[in-house]
Amino acid sequence: MKGMSLIVRTITTVMIGFIFVYGIYIILHGHLTPGGGFAGGVIVAGAFILRILAFGSEPGGEKKSEIRASIFESVGALLFIGIALAGMVVAGTFFLNFLPKGIAFNLYSAGIIPFCNIAIGIKVGAGLFSIFLALAAVKYVVKD
Amino acid sequence: MIELYLFLVFMIVAAIIATEIKDLLAAVISLGAVGFSVAIMFILVQAPDLAIVQIVVEVLTIVIFVAVIFRTTHIDETIGKKLAGSHIFSIVTFSFFALLFIIAIINALHEIPAFGNATMRVASEYIRLGLPGAGGANLVADVILDFRALDTLGEATVLFTSVIGVAALIRSVGRTK
Chain A
0 MKGMSLIVRT ITTVMIGFIF VYGIYIILHG HLTPGGGFAG GVIVAGAFIL
50 RILAFGSEPG GEKKSEIRAS IFESVGALLF IGIALAGMVV AGTFFLNFLP
100 KGIAFNLYSA GIIPFCNIAI GIKVGAGLFS IFLALAAVKY VVKD
Chain B
0 MIELYLFLVF MIVAAIIATE IKDLLAAVIS LGAVGFSVAI MFILVQAPDL
50 AIVQIVVEVL TIVIFVAVIF RTTHIDETIG KKLAGSHIFS IVTFSFFALL
100 FIIAIINALH EIPAFGNATM RVASEYIRLG LPGAGGANLV ADVILDFRAL
150 DTLGEATVLF TSVIGVAALI RSVGRTK
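Each protein sequence line maps, in turn, to chains A and B.
Heads up: the first sequence begins at 0 in numbering that gives the first Met the number 0, then just goes up one per residue.
Heads up: the second sequence begins at 0 in numbering that gives the first Met the number 0, then just goes up one per residue.
Worth flagging that the hints you see were computed from the coordinates, not collected in a lab.
Predicted model only: the values in this text are computed from it and were never measured.
Take the hints with a grain of salt, since some may be wrong.
[As the list claims (entries may be wrong)] Short derived list, chain A residues pointing at chain B, Cβ under 7 Å: (1) G29; (2) H30; (3) P33; (4) G34; (5) G35; (6) V41; (7) I42; (8) G45; (9) A53; (10) A76; (11) I112; (12) C115; (13) S129; (14) I130.
[To be verified] Interface residues of chain B toward chain A, partial, derived using beta-carbon atoms under 10 Å: (15) I39; (16) L43; (17) V44; (18) P47; (19) V52; (20) V55; (21) V56; (22) L130; (23) P131; (24) A155; (25) V165; (26) A166; (27) L168.
Ideal Cβ positions, reconstructed from N, Cα and C, are used throughout, including at glycine.
My request is simple: use the sequences and hints to build the entire structure.
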């Protein structure tokens, strides 16, 4: 995939870090402010997609990145189910909120909810990015 | 309340433009107008969580659409052509069933409570128990990740399945024939 013009690449260099950090912030503060794992994961995926669109990628590079993104997506899904099964191990209930609740409005509060948000954020971000890579890496083979 | 109706009319007009215009880039921009109107309506009815998700998903969708259009073609050649006979038959059939559906919907609408006055039998319990029960300050996170976490697991499974489906459909291996 080819990259874009110098203006786009310069703006991307400046902005991409802020977009990425904002996505992480939305994920980590999901239990306190609007947002959460899904919205933050999409923003993180958007940062990666912006990088691919602006700078392009070498031939065959999409395939390697797609495999890596698939691994991350599976890790996120397993993490989410692992948190659910941990509740089953601790007290016998699927998705039990077994961690201490902490003080409300603190970053370390709400038991398992922040960890679920992190797992969903990894899963959604890597999943959407791998969908984009699969679409970008399609070879248009025309046979006649 | 009146601004919701204004946005609704705007969305209907933009959706009709998106299906009828010949330039695909303009159609994608009309589609974006529909999506961002939905986001503004979510903000107007005080649902910032949904508004954030709607905005980021809409941006991502438009970016993918524009990337595809720049790599393929701008012009939709099917618009403006004369309809074939079979098309007219399917349009008539569709209109008939749409009319039936609308009559059923109008009858069903008398049963549901008015806008803004939901009965909230279960939801009032969620609101009462949200902060003491789950501990999260954001009530939406409490509901989707504590009270109804099993639903969220199903939703995550849907996304996982769709990713697997996309990867299986358009992988390059096995597509040589």
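Against the structure, the hints:
no.	hint	verdict
1	G29	holds, 5 Å
2	H30	holds, 4 Å
3	P33	holds, 4 Å
4	G34	holds, 5 Å
5	G35	holds, 6 Å
6	V41	holds, 4 Å
7	I42	holds, 5 Å
8	G45	holds, 6 Å
9	A53	violated, 11 Å
10	A76	holds, 6 Å
11	I112	holds, 5 Å
12	C115	holds, 5 Å
13	S129	holds, 6 Å
14	I130	holds, 5 Å
15	I39	violated, 15 Å
16	L43	violated, 15 Å
17	V44	violated, 14 Å
18	P47	holds, 4 Å
19	V52	holds, 5 Å
20	V55	holds, 4 Å
21	V56	holds, 6 Å
22	L130	holds, 6 Å
23	P131	holds, 8 Å
24	A155	holds, 6 Å
25	V165	holds, 5 Å
26	A166	holds, 5 Å
27	L168	holds, 8 Å
Violated hints for the displayed structure, listed by number in ascending order: 9, 15, 16 and 17.
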